[in-house]
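As a plain string of letters, each chain reads:
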Amino acid sequence: MPDQPGARNPAAPAPASSDATSDATSDAAPPRPRRPWPAPLRRLVEANVAVVTFLSVFSALLLGGVLIIVTTPAVLHALANIVSSPGRALGVAGSTVGDAYSAMFTGAIFSPSSLGHAISTGHGWTATLTPISESLVSATPLILAGIGVAIGFSTGVFNIGAQGQLIAGALAALYAGFAVRLPIGIHLPIVVLAGAAGGAIAGWIPGYLKARTGAHEVITTIMLNYVMLNLLNYFLTTRPFQQPGQSNAISKTMPSTARLPHLFGSGLRVNAGLVIALVLVAAAWWFTRRSTLGFSFRVIGLNPRAGKTAGIDARRVTVLVLTISGALAGLAGMASLAGTDYFLSSGYGGNIGFNAITVALLGRNRPVGVLLAALLFGALEVGGRNMQAVTNIPIDLTSVIQALIVLFVATPVLVREIYRLRGTGDGSIQLSTSGWGG
Amino acid sequence: MRLELVGVTKRFGALVANDSVDLAVEPGEIHCLLGENGAGKSTLMNVLFGLLHADEGEIRIDGDAVTFADPGEAVRRGIGMVHQHFMLVPVFTVAENVVLGFEPTRRFGFLDHRKARADIRRLSAEFGLEVDPDATVEDLPVGVQQRVEILKALQRDARVLILDEPTAVLTPQEISALFEIMRSLGASGRSILFITHKLKEVLAVADRITVMRLGRVVGTTTPQESDESALAAMMVGRSVELVVQKGPANPGREVLRVRDLTVVDERGVVVVDHVDLEVRAGEIVALAGVQGNGQTEIVEALTGLRPLRGGSIELDGSEVAGSSPHEMIRAGVAHVPEDRQRDGLVLPMSVADNLVLDIQDSEPFARFGSRDLAAVRANAEQKLGDFDIRASSVDVAVATLSGGNQQKVVVARELSRPIKLLVASQPTRGLDVGSIEYVHRQIVAQRDRGVAVLIVSSELDEVLALGDRVVVMFRGRIMGVVDSSVDRDTIGLMMAGVVESRAATR
Chain A
1 MPDQPGARNP AAPAPASSDA TSDATSDAAP PRPRRPWPAP LRRLVEANVA VVTFLSVFSA
61 LLLGGVLIIV TTPAVLHALA NIVSSPGRAL GVAGSTVGDA YSAMFTGAIF SPSSLGHAIS
121 TGHGWTATLT PISESLVSAT PLILAGIGVA IGFSTGVFNI GAQGQLIAGA LAALYAGFAV
181 RLPIGIHLPI VVLAGAAGGA IAGWIPGYLK ARTGAHEVIT TIMLNYVMLN LLNYFLTTRP
241 FQQPGQSNAI SKTMPSTARL PHLFGSGLRV NAGLVIALVL VAAAWWFTRR STLGFSFRVI
301 GLNPRAGKTA GIDARRVTVL VLTISGALAG LAGMASLAGT DYFLSSGYGG NIGFNAITVA
361 LLGRNRPVGV LLAALLFGAL EVGGRNMQAV TNIPIDLTSV IQALIVLFVA TPVLVREIYR
421 LRGTGDGSIQ LSTSGWGG
Chain B
439 MRLELVGVTK RFGALVANDS VDLAVEPGEI HCLLGENGAG KSTLMNVLFG LLHADEGEIR
499 IDGDAVTFAD PGEAVRRGIG MVHQHFMLVP VFTVAENVVL GFEPTRRFGF LDHRKARADI
559 RRLSAEFGLE VDPDATVEDL PVGVQQRVEI LKALQRDARV LILDEPTAVL TPQEISALFE
619 IMRSLGASGR SILFITHKLK EVLAVADRIT VMRLGRVVGT TTPQESDESA LAAMMVGRSV
679 ELVVQKGPAN PGREVLRVRD LTVVDERGVV VVDHVDLEVR AGEIVALAGV QGNGQTEIVE
739 ALTGLRPLRG GSIELDGSEV AGSSPHEMIR AGVAHVPEDR QRDGLVLPMS VADNLVLDIQ
799 DSEPFARFGS RDLAAVRANA EQKLGDFDIR ASSVDVAVAT LSGGNQQKVV VARELSRPIK
859 LLVASQPTRG LDVGSIEYVH RQIVAQRDRG VAVLIVSSEL DEVLALGDRV VVMFRGRIMG
919 VVDSSVDRDT IGLMMAGVVE SRAATR
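Read top to bottom, the protein sequences are chains A and B. Counting in my numbering, the first sequence runs from 1 upward without gaps. Counting in my numbering, the second sequence runs from 439 upward without gaps.
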């Protein structure tokens, strides 16, 4: 670049780092700035994002522990006698929380003893890898729908309708699954595309309504969730969809040619849906960073007025964003259907569409962030099931922890405040928080 | 009351916004604080008004050091501030606005409207501020709204009144009236700190002038000892051209032909009322008028941003009314919007991205929907040099650039493709003298290259300096078309809606 001598340069950020951010990290060699932020500021912000996210997860688990303590009768009983036998009371409290979280860990990742057994004997690998496989299975639709929601958020479009779009995608994929008979090499791609198309149509509707009439997408997408949910319940009782001989609202099953193949043998449910999700994470990264369309999405998201002045058709962008967002949610519905469930029943999809919103927020709308957040949520979900089975602590605790994480992430000021306060009183925590870059 | 700032230093990180600034305002004095945007005037005033706290130095009132924790304390110590953007409740009456926050009450907390009105009448009469206490603020012209702000400060017994760029929204006649008010306030022993970057105004009204540059006071002078070019040199740190160097226009074919253009705003009110306008290749037409008289809407209609209610827009003989902004850009219309941060730039994005905002999806910056970031960067590197944009790198966010450099980014982008018509709205608003000079030269260069240029400006100096023809607007109508050699008073009266026919048929 032309370096004018004596040029007054308000942009030069270099000297700002040392005294403006004395307590923050400025040790790493400055990377070449790619994103539009001055380098030191960017590092500070990004460090803080990672730190706040980590501390949010940590705080949520901590509060979850408190919740376990105050809701478990045995612990409360022990605590009632804390004056007479304080050691026992604390011991019971500690072991209850410890048991719960270790059950969560072994249920979601792996159990150390099982791993040891598998390594020493060479057998039992399937059992050892089942927890992590289940976590990945649980994360797959969250990744897909989460990316969809994130693309909307970063364009300033609030798609709260991932749940409905997911159902639309699943319905379309189901129909493509049982309606035709084809070899798997042709059938499966058709099912995948049908899932995307179903979600895309469900996303296009609120997009078109917004572009045409200005109807706010938050309202229309929320309402379409109910429409899709009830449409599903209706379809499940109609002849083409309902399982023959069933009076319950249960669909026909997907034929084997319409199922996503397992990646590591039939014992582990992790399937090609994960591959699709990972490919789309990479595609989403390319889309937001390298494509012209993604660029215009970002412009509209950051400054719609400047976008319009520059000739970007904001209404077209709105329609496209919701359509793409819906297609990704539709793929999420397809992935669960064709990957693990193979049939639809009423209330299909659970909370995936809503958890996708949470995952997008937690992942800061970045594809890789969404991937990590979805993996965390998938693991919490699967681990929570194991915790309930092993310790009788209800799985609802998982939802509470997930909600708390988002609550903390959404109020970074609170998180910083909490850890600064504790930091002044307790040297070790202060040390560790500063070690985390806070 | 004698107000003194002694050694005031305010830092934002490594940036020193005020560097040991000394300033003394004597009782009854009109003291002008002159400086470019970014010179630190606003920071200093915010320190003085208790909105920011100085890192070093002190504020003294009649020799005693004081500190203001918040603006409320500053007000109690007799400092009043009239902000550039008024802080009035539009649906309240003048009286209600004036007493807001310091309401006189009768027993049981009832508002004492009678006392409020009486206070206003008394103050109005004392300082020649003609304001009806019962008028609703939103019905009042901007100049009168400003008087309401001044009344607010006086009602709180301000001894020092800070006026932050008070003339930006006023007609020349309203400016003269404001100066009269300022003089009568000075005569009553109140002092005025008048913040501005307009040299003519400073020389017209100031008792003393303090010039700031890059956070420092570079000198204090008086109108008698100084003149425009000396003040400009102090502000910029070098001598500058105050007159736009341009030869006579050489108008060619009619590029833009607007007939019977009518535009309504969001509420359905007619804001552009049957306007006819033409701009020829190689001439600069300046659209003059006080802000909010339809100029913005004409520009939006010409650039496809606002639908027309009626009329036609021809570009090089073909009808383009109703085209989208994208089609207007492709048709060869360049647009420098009036608010660069709101409409011209995406502040968090890089300089390089902002330089291709409207052409990012065409060659060479993209192929098959995939952006060529190397080409985007190369383009930016070149534009940085060609347009003298000062940025540490093409990758930094455009938000980190100074106002002048941000505007150069917009201008560089708009002028770097083939254009027939350049529409520039307030092209130099908020820019420092050096950047103004630069933008003006670019605009004249486009004219000399055969581009038809339409300038919208509320700065009369700019209109007269740049325009080959001047079109004056008032309330959505064209008041008249005059030659740029016409005297300021005539245009000023036309801007205020007076002497329509005489000026037009001159």
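None of these hints come from the bench; they were simulated from the model. Do not take every clue at face value.
Listed below are several chain A residues computed to face chain B (Cβ distance under 10 Å; list not exhaustive) [claimed, not checked]:
no., residue
1, Ala78
2, Asn81
3, Ala283
4, Trp285
5, Trp286
6, Arg290
7, Leu293
8, Gly294
9, Leu302
10, Arg305
11, Leu361
12, Arg364
13, Asn365
14, Arg366
Have a look at the derived ranges for each label pair, beta carbon to beta carbon [as the list claims (entries may be wrong)]:
no., chain 1, residue 1, chain 2, residue 2, range
15, B, Arg805, A, Leu372, 28 to 34 Å
16, A, Ala50, B, His521, 36 to 42 Å
17, B, Pro786, A, Phe58, 28 to 34 Å
18, B, Pro786, A, Leu372, 19 to 25 Å
19, B, Arg805, A, Leu278, 24 to 30 Å
20, B, Glu765, A, Gly267, 57 to 63 Å
Every residue, glycine too, gets a C-beta built ideally from N, C-alpha and C.
Against the structure, the hints come out as follows:
1. Violation of the interface hint for alanine 78/A is found here, the shortest Cβ-Cβ separation to chain B being roughly 51 Å, above the 10 Å cut-off.
2. Hint status for asparagine 81/A: violated, given a least beta-carbon distance of 52 Å to chain B, over 10 Å.
3. With 10 Å as the threshold, the beta carbon of alanine 283/A stays out of range of chain B, its nearest partner Cβ sitting at about 12 Å, so the hint is violated.
4. Proximity of tryptophan 285/A to chain B is violated relative to the hint, the smallest CB-CB distance being about 13 Å (cut-off 10 Å).
5. A hinted interface residue such as tryptophan 286/A counts as satisfied when its beta carbon comes closer than 10 Å to some beta carbon of chain B; here the least separation is about 8 Å, so the hint holds.
6. Satisfaction of the interface hint for arginine 290/A is found here, the shortest Cβ-Cβ separation to chain B being roughly 5 Å, below the 10 Å cut-off.
7. At a threshold of 10 Å, the smallest CB-CB gap from leucine 293/A to chain B is about 6 Å, leaving the interface hint in force.
8. With a least beta-carbon distance of about 8 Å to chain B, the hint placing glycine 294/A at the interface is held under the 10 Å criterion.
9. Interface restraint check for leucine 302/A: the shortest CB-CB distance to chain B comes to about 5 Å, inside 10 Å, so the restraint holds.
10. Hint status for arginine 305/A: holds, given a least beta-carbon distance of 5 Å to chain B, under 10 Å.
11. The interface hint given for leucine 361/A is violated, since its Cβ lies 19 Å from the closest Cβ of chain B, which is over the 10 Å cut-off.
12. Annotation: arginine 364/A was flagged as interfacial toward chain B, and the flag is violated, the nearest CB pair being 14 Å apart, outside 10 Å.
13. This hint is violated: asparagine 365/A has a C-beta 14 Å from the nearest C-beta of chain B, more than the 10 Å allowed.
14. Against a cut-off of 10 Å between C-beta atoms, the interface hint on arginine 366/A is violated, since the closest Cβ of chain B lies about 14 Å away.
15. Our hint of 28 to 34 Å for arginine 805/B and leucine 372/A holds, since their Cβ atoms are close to 32 Å apart.
16. One distance hint, 36 to 42 Å for the beta-carbon pair alanine 50/A and histidine 521/B, holds here, with the actual separation near 39 Å.
17. For proline 786/B and phenylalanine 58/A, the hinted distance range of 28 to 34 Å is satisfied, since their beta carbons lie about 30 Å from each other.
18. In this structure, proline 786/B and leucine 372/A meet the distance hint of 19 to 25 Å, their C-beta atoms being roughly 23 Å apart.
19. For arginine 805/B and leucine 278/A, the Cβ-Cβ distance of about 26 Å falls inside the hinted range of 24 to 30 Å, so the restraint holds.
20. About 60 Å separates the C-beta atoms of glutamate 765/B and glycine 267/A, a value consistent with the hinted range of 57 to 63 Å.
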